[in-house]
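Work the whole structure out from these sequences, hints included.
Listed below are the residues making up each chain.
2 protein chains.
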Amino acid sequence: MHLFSSKFVKPPDHVNEITGSVTTPRGFRASGIAAGLKKSGKPDLGMLVSESPCTSATLYTPNAAAAAPIRVCREETAAGALQAVVVNSGSANACTGERGLEDARAMVKLAAAKIGIDPRFMAVASTGVIGQKLPMEAVEPGIKFAADSLSKSGGGDFADAIHTTDKLDKDGAVEVNLSQGTATIGACAKGAGMIAPALATLLVFVTTDAVIPAPLLRKMLTAAAGGSFNAVSVDGDMSTNDFILLMANAESGVAIEPGGGDAILFSEALAAVCKGLALKIVADGEGATKVIELNINGAAGAEEAVRVAGAISNSALVKTAFYGRDANWGRLIAAAGAALAGQPELLADIHYEEVCLARGGVACETAPDPERLKEIMGKPEISVTLDLRRGGSSHTMYFSDLTHDYVTLNAEYTT
Amino acid sequence: MHLFSSKFVKPPDHVNEITGSVTTPRGFRASGIAAGLKKSGKPDLGMLVSESPCTSATLYTPNAAAAAPIRVCREETAAGALQAVVVNSGSANACTGERGLEDARAMVKLAAAKIGIDPRFMAVASTGVIGQKLPMEAVEPGIKFAADSLSKSGGGDFADAIHTTDKLDKDGAVEVNLSQGTATIGACAKGAGMIAPALATLLVFVTTDAVIPAPLLRKMLTAAAGGSFNAVSVDGDMSTNDFILLMANAESGVAIEPGGGDAILFSEALAAVCKGLALKIVADGEGATKVIELNINGAAGAEEAVRVAGAISNSALVKTAFYGRDANWGRLIAAAGAALAGQPELLADIHYEEVCLARGGVACETAPDPERLKEIMGKPEISVTLDLRRGGSSHTMYFSDLTHDYVTLNAEYTT
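The listed protein sequences derive, respectively, from chains G and S. The opening residue of the first sequence carries number 60 in the numbering used here; numbering runs sequentially from there. The opening residue of the second sequence carries number 60 in the numbering used here; numbering runs sequentially from there.
Calculated from the structure, these hints are not laboratory results. Everything hinted at is true.
Chain copies aren't distinguished; within one or between two, either way the pair holds.
In silico lysine to any residue, SDA-like type, Cα no more than 25 Å apart, as pairs:
hint	residue 1	residue 2
1	Lys438	His463
2	Lys211	Ile77
3	Lys278	Ala400
4	Lys192	Glu404
5	Lys278	Gly240
Right, here's the structure in full:
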């Protein structure tokens with residue numbers, strides 16, 4: 060229920076966190092029920108609905124094996140005008156061919172009919188095991204039950220229903236103070252496999268009662284994702300099912316114009332909400348014990364900064380060293396050097412928090428205080444900075460450590 | 060002592076494995092001693108020397124943070140004419156700046172002086188922890204002792220001295236029957252971090268008593284590495300210290316001319332030796348319980364085949380599924396699809412050994428025999444084939460699974 064539990068994100072002054080969820084903004088209802096898709100009997104099907112038409116923005120995985128619901132949303136629903144979404148966990152409906160497309164379309168049609176909207180305004184998302192057909196004999200009655208269960212207080216149930224291996228709650232709400240009044244943002248996310256960025260499903264649903272034209276909404280969402288979900292999931296290298304949906308239903312009457320000061324203020328609020336969720340996803344990374352903020356400075360270009368950050372964030376040797384509380388900066392520089400293969404000698408400076416471990420690519424002359432270093436490595440959040448000394452570009456990423464529990468979870472989470 | 064213990068490599072008919080090591084070819088001597096660099100007291104310094112001048116070929120890491128010995132070899136020793144090498148384990152002499160270069164040069168100079176050759180013909184290599192200065196007060200007497208210990212039977216000691224976390228022996232020898240007579244090849248390798256390809260140090264030393272001109276030797280080594288060491292360590296994405304050295308001292312008198320049939324026969328033998336060593340490195344992958352052969356067929360081009368193979372081989376989700384004996388082909392197709400982001404829908408066929416699990420991107424209509432699948436997933440070597448159905452290019456890679464022991468080893472192997 061807390062969006063800002065990490066030291067790496069603080070809401071701006073005009074943003075107040077409030078107790079809430081995706082149904083906190085005016086005019087949204089939601090539900091989450093157990094349809095029987097998960098063997099555990101936990102909630103596995105949810106609906107989120109705005110009572111009035113919305114402008115909307117979406118981000119879809121570019122994966123060439125994109126799941127059926129992604130294809131259906133991308134190609135068959137309205138762009139910029141989605142009003143509701145139906146989501147199931149327990150089965151990804153990915154690698155399911157023509158039958159999968161039919162099932163996703165059937166979900167859309169049934170959910171839209173139950174709440175009385177045009178199917179073109181109904182989005183669909185799935186997450187779970189890849190390559191298995193959806194059990195429609197459970198999904199269809201589930202959708203009916205979910206539609207009947209929609210309520211103003213159903214945001215938490217919806218958030219629960221989209222989880223798979225998640226352990227932490229990942230939802231909340233904020234009030235945004237704007238020149239024309241106060242708008243509310245609600246949000247929830249699903250995802251806990253970020254130790255292997257890109258291959259865990261990320262689902263994010265954000266609601267607001269502000270009045271925002273669809274093109275502006277899209278621009279804001281893209282910007283917010285760049286500093287949050289795309290900064291924990293590297294290089295567009297995303298799962299088959301990743302889906303981010305932002306809906307604005309105008310119920311507050313607070314209008315945000317492109318180019319105005321309120322657009323900036325709302326963008327900042329949206330960025331903070333997304334970053335808060337993204338950091339929760341990392342903290343909930345399968346088996347994770349730590350979140351590392353990795354600041355790459357001094358890169359020769361933006362692409363290089365992203366590439367080096369990705370190489371380090373994905374290195375199993377780097378991740379296991381953090382798990383072992385070992386300030387093994389050599390593994391960071393080796394990963395960075397591999398990402399810069401063929402380039403002139405890398406002469407990076409490396410800091411763990413304020414402690415300098417390497418300068419000009421070599422261990423610092425003065426050995427760091429071992430007590431302070433031990434203290435840093437024992438913390439749940441560690442900020443690490445590499446200055447490549449090659450130029451003026453920067454990029455920040457967030458990653459978790461690689462642990463015994465990660466292996467246990469993923470060796471046992473089975474088809 | 061067995062180069063061909065994997066089902067994925069068989070020596071050609073004209074190649075006979077014999078008991079031996081890098082000192083089995085005529086005119087080579089070696090040693091391995093404990094100089095005190097490893098806290099464990101195990102051997103950590105070795106020398107390998109040909110009694111007569113050699114032609115040679117080398118492959119160096121392209122890492123931008125390449126270690127001092129790599130820089131010294133690459134820039135200050137003779138190209139194509141190396142006659143000996145001195146190697147230490149326990150410290151990588153990487154990220155050690157000017158002092159590191161001086162230490163590497165001092166190793167070369169001292170080792171060359173002890174055996175009476177020009178320092179330009181002496182290579183140097185190091186492996187171990189990055190970012191620490193070499194303890195020259197231990198290295199210098201160590202080199203003297205290693206030089207005094209050189210012997211015809213020292214190949215096994217040399218192989219031991221270059222190991223770090225290796226558990227399996229990785230050395231052997233073959234006789235190669237050629238039109239002019241029989242030549243011998245000896246070889247040893249170090250490396251056991253291939254679960255995180257690219258960040259573990261790979262050291263390989265190959266000796267032969269054949270007569271081979273340096274340009275031909277270089278061509279043969281590059282080809283052999285392409286199907287072996289570069290097929291387990293992805294994309295040139297190598298460690299700070301990777302080094303492969305091939306020396307031919309002509310002592311057998313068996314001459315190999317460029318373009319002749321013997322060049323092809325010798326190339327095949329060298330490729331088999333390198334593949335045998337590479338597969339041992341994968342099998343000895345830190346914590347590994349399995350070796351997976353991954354055949355990517357039907358790619359739209361060679362680069363695409365390599366990219367998809369690399370994405371799957373590096374996926375933590377794929378690796379943990381093999382550890383869990385779970386034929387979770389969805390994770391393979393998700394990784395392949397991420398590597399093909401933005402491309403048309405991926406409609407791959409997937410086989411585990413002869414069993415079809417997916418056809419056209421969808422689970423096979425006929426479910427595979429669960430008993431046979433269980434048997435396959437329980438084996439230590441598994442062959443997996445993905446046909447991308449996009450073109451005519453192929454690439455084969457070998458990778459190991461990701462296990463609890465990997466995490467233990469790398470969280471505890473400390474600076």
